[in-house]
Amino acid sequence: MSPPRRTITIDPVTRIEGHAKITIQLDDAGAVETARFHVTEYRGFEKFCEGRPFTEMAAITARICGICPVSHLLAAAKTGDKILAVTIPPTAEKLRRLMNLAQLTQSHALSFFHLSSPDFLLGWDSDPARRNVFGLIAANPDLARAGIRLRQFGQGVIEALGGRKIHAAWSVPGGVREPLSEETRLRIQAGLPEAFAITERALGLFKTLLDTQLGEELGIFGNFPSLFLGLVGPGALWEHHRGAEAGCGIRIVDSAGVVVADGLREDDYASFLAEAVEPWSYLKFPYVKALGPEAGSYRVGPLARLNLCERIGTEQADRELLELRQRGGRVVTASFLYHLARLIEILACLEQMQQLLDDPTITATHVRARAGVNAHEAVGVSEAPRGTLFHHYRVDENGLIEAVNLIIATGQNNGAMNRTVTQIARHYLSGERLTEGLLNRVEAGIRCFDPCLSCSTHAAGQMPLLVELVGADGQLRDVLRRD
Amino acid sequence: MSVHTLRIDGRDLAVPEGTTLLQAAREAGIAIPTLCHLEGLSPVAACRLCLVEVEGAGKLLPACITPASEGMVVHTATPRLQDIRRTVVELLFTEGNHVCAICVANGHCELQDLAVSTGMDHSRLPYRFPDRHVDLSHPFFGLDHNRCVLCTRCVRVCDEVEGAHVWDVGWRGEHCRIIAGLEEPWGAVDACTDCGKCVEVCPTGALFHKGDTTAEKQGEPARLQALVHARRHQQWDP
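Top to bottom, those sequences are chains B and Y. Heads up, the first sequence is in the working numbering, so the first residue is 1 and it goes up one at a time. Heads up, the second sequence is in the working numbering, so the first residue is 484 and it goes up one at a time.
Take these hints with a grain of salt, some might be off.
[What the hints assert, rightly or not] Restricting the straight-line Cα-Cα distance to at most 30 Å, the calculated cross-link-like pairs of lysine-lysine (BS3-like) are:
id	chain 1	residue 1	chain 2	residue 2
1	B	Lys47	Y	Lys693
2	B	Lys82	Y	Lys542
3	B	Lys165	Y	Lys693
4	B	Lys207	B	Lys82
None of these hints come from the bench; they were simulated from the model.
Only chain Y is shown next, with the shape it has when bound in the complex (with noise of 0.2 Å):
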């Protein structure tokens, strides 16, 4: 296997072929943000949080599936990735009806982290206030329209882990939305398996164990990577 080397904000790497920018900074003790990225499940890039800066690349570029390349010169943190990270985080809080006091999140959400880490201590944006609906058919689970960031994590782990492959998103631009079956009830999709891993790795309080009140809902996405480990290396023994 070759080796690539590359420097990230100043440091000189060495990381295997086929490594992406994020595994490279993260190995090297290097902290970029991510909402939609989760380790198991195949990266979209849809969130924009891990955009960083690579000289001569002429624009911003996403550090979960840009591969890193030879002679590569990265910066993770500048003024402006910072700016854009907040702004980011924002956009994700004005689009949404994000009230952290009464959620079941509260405490234990990335969303909430970001705004904490990238400084957002208020909007500078407007809030839109969208009119969106609760999904309560599931006799286990819930699904909160208002606090869904369409990070699709929900979507890829029931595809790609559970196979059952319940959810999509439906719709355009700011009508986008989680679907369940072609846009059923949740309750009414035979296809669910009832596994409850779209809650384990939903970063917010979008899908939640019904009767979960405020900040009751811890999810544990290290569940499903020690899941996608076993199932690839055959080690079912911790």
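So here's chain B without its partners, still in its complex pose (with noise of 0.2 Å):
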């Protein structure tokens, strides 16, 4: 008699946003089969946000995750611009962009000093009770100081634009609400050179790594063809939140840097975009649509944007990229090197932030567009830290909401995390015993995607590790747990 099937299972996955478990199928032989990463929260925004008026649609959305309400309340305010039908006054446009760089900066810094580093640094094996930003500090608190520093930048930028750092609701349909003071704008210029010499040096420090520690990495986390997708902007140039409207539009490109499909505008998502639903996870996964779910899965965020852009078109970040893509081909396929993507757009927006500082309209004061419901249907689009999302909504004819549909960046990257996981079990993943290293790795495969799961089931909450064996009747064998 073969001995049973099994599952591994990795409940809660940690130092991710979000709730989540992981299960490790193996089959007869004890070889992984599958691996499935379930995102195991629900929470109804699209559905509760039915019957408001439009214009509280920044304010609510933003509540989604506390990590990134930029991007909604900036995805919002833009479904609502054309929901007003309005062009927004130029320097309402810049503003946006300068907190969504700052959006950016913050989040990324968040993802890979706090949630990531501990992995690079303290190793793999180490104590899993210390591989945290606690035992960074401990061991480096140069650096961990530096990410602190890098993050509390960000914010800072966020809080000078919409008087918090959290849910400020300062984007609204047709604008914003506060133009910038003269004050503010040289209190951040005044931040600026000590958030590039930070990055600088995480940039310096992460390179070495990778030449030194981390080869294996690349070829096992996540190392696969697929579609990318997200915004260019005008010439292709790297873009973060200008949408079809202004003559930028969405790219998607196959991992040999061909270009499938150009200037798709987000309005017709749903004519190229698909989401399948799978009973074991309340996260959906999207695909493009003439593809298939297979063959149209594709991976969204830092890396994408910057495997779909020509170049970023500032000169630190466009150094960076040229040597990203020495390292990793045209079009990079190792999703770990998300993790270097992530540091190359914190460059690129703080170079783009002292361009908008610098632009003497920058502080002009006519900042919000005013006017009633022009159109009944609207889709807006935003790159977030972690990919691309679109609101979607219908308004009655008073403007109340009628329908809503969210696509968020981390259930766009969800083939990928899953494909990810599973690479990295069939590697490190040997006979039957369940070891602190493969979980580790496993998890740090999720973590390259920075994965913010309160967003993506619109969940939040902190979350435990559980390892759960099961065989190939259904029961129970063997559990290994961390709280």
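Got two chains here, each in a separate frame; can you build the complex from them with the hints?
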């Protein structure tokens, strides 16, 4: 009689934002058959927004997440602009861009320094009780402090613009509520040199680690061909905010660098994207409709944005982009390099913030257009730290929400996260013994994508870790728990 | 005019006949919380926040409509009254759908202020989450029944000051709600003059300017009081 098939479950996955668990299904021979990343929370934002005025959507959807509320604020406000059918004042557009750059900076800093760097710097097999930001503070206090300072800078810019760090009700349909004062402009500018220095130092450190210790991870932590999707700007420059209305558009490339689609409009997303649903996860699986769920699976986020653009458009970031491509190819398929892409994007954000703050019109005071309901359906798009974010609203003649669809960045990386978990489990699982090192690597594979499950299932909270071995008969055979 | 002497919270006061306990207390600098009451509108004693203890009365009395009388001994802030006021605020919160974080009146809301002043850090009663709707049919203003506390200030200001009488209270018990016209969409009521007085006096975010987003509504009941005063005394210059 052959040994029973078994399932290993990691529940919850830690140091990501939200609730999740991982199961690893073994075949009769004890080899990894499949691995699944389950998102186990449901929040129902799309449902309870029905009946609310569309002008409230920015404030409501920002509550989906405390890490990247700005992304929802901006996507909701942009959708609202289209319902008003207005072109917002140019300064409002620049201020929104400034806030999104600050958002990308703070969120990427959180992901790299607080959540992921303990893995690289303290080692996969180090004591899990110390392999966290507190262990990092003990082992490398300067780096930990620098990471905290960098995130603080980004949060500070958000606060300076919106009045508060989290859930600032500042970006609204028609523009923004408050202009930027000269005093605040100077204050933000004064923080840039330190932010640049921290980012350059982190880039140097991480590239050295890639050259010396992390080579294996490049091949195993989610390295596979797939499509990449995201916004690109005019001339295929790196883009993080503007949609089709500004001459930008959504581009899809494959891992060979072939542009599969270009200039797609967010308004038409339903014509080129579809969402598959699996019974074992609340997180849906979006895919490129024309190619089907398997071949149409795509990645979004920092690495996708860098793969899609021809160049970033600022000097230092373009230099780093070139180096990334020398390291990983024109289209980088190694998901582990999402971490490097984040650092490059921080650099790009800081350079673009500098440009915006040097623009004399940034302190103009006409920042809000007002109008009534002039369109009954609209789609807004923005590049959130984790990838492309779509808000789609349908309203009645008075502006009350009739239907909402939110397509979240983390959801679009769902297929890729499952493939990453499978790839890591196949490589590191030997025999039937569960090791901390395996669990850590599987978790870290997920962490490459910096998933925000709060957003993606529209869930929040913190996670413990549970690994279950389930026999072919469905009976639980073994459990390993970490609280 | 005759004068009554009375004692409120241990202080001896003398007030003209016809003065309410609320007026007497406020003139003496003694704060009594109110919600439905608004200077310039007729009192209705609906919210029960201004209940006070009057020795020998046998029951609690609303200060906004109880006239001061000779020899009264009044207590406005006993532990019993404080508990009742907190309970009243809890009932108001649990009976509607009050989500301050996204409300247009956040930071400028009398209900929110009452929650702070009565020490309501949580509700001891279960939330009812009633299914209510929002009326955005008016070209300038909106009505969110989720945030309405049925204080009837809008009903009174429209009837007594504007003279349009757009608003009434319809239905009974838990189904009570403010109605426009004979239960029509607000935008369909010809009587409405679009003056916005109801929005100005609404203590919460129930009535608001369309397009306002979180915390942008700042009601201005003082403007109503200035208007009422000017009409009453025919003094139109500031």
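Problem - Hint check, failures only - result: 2 and 4
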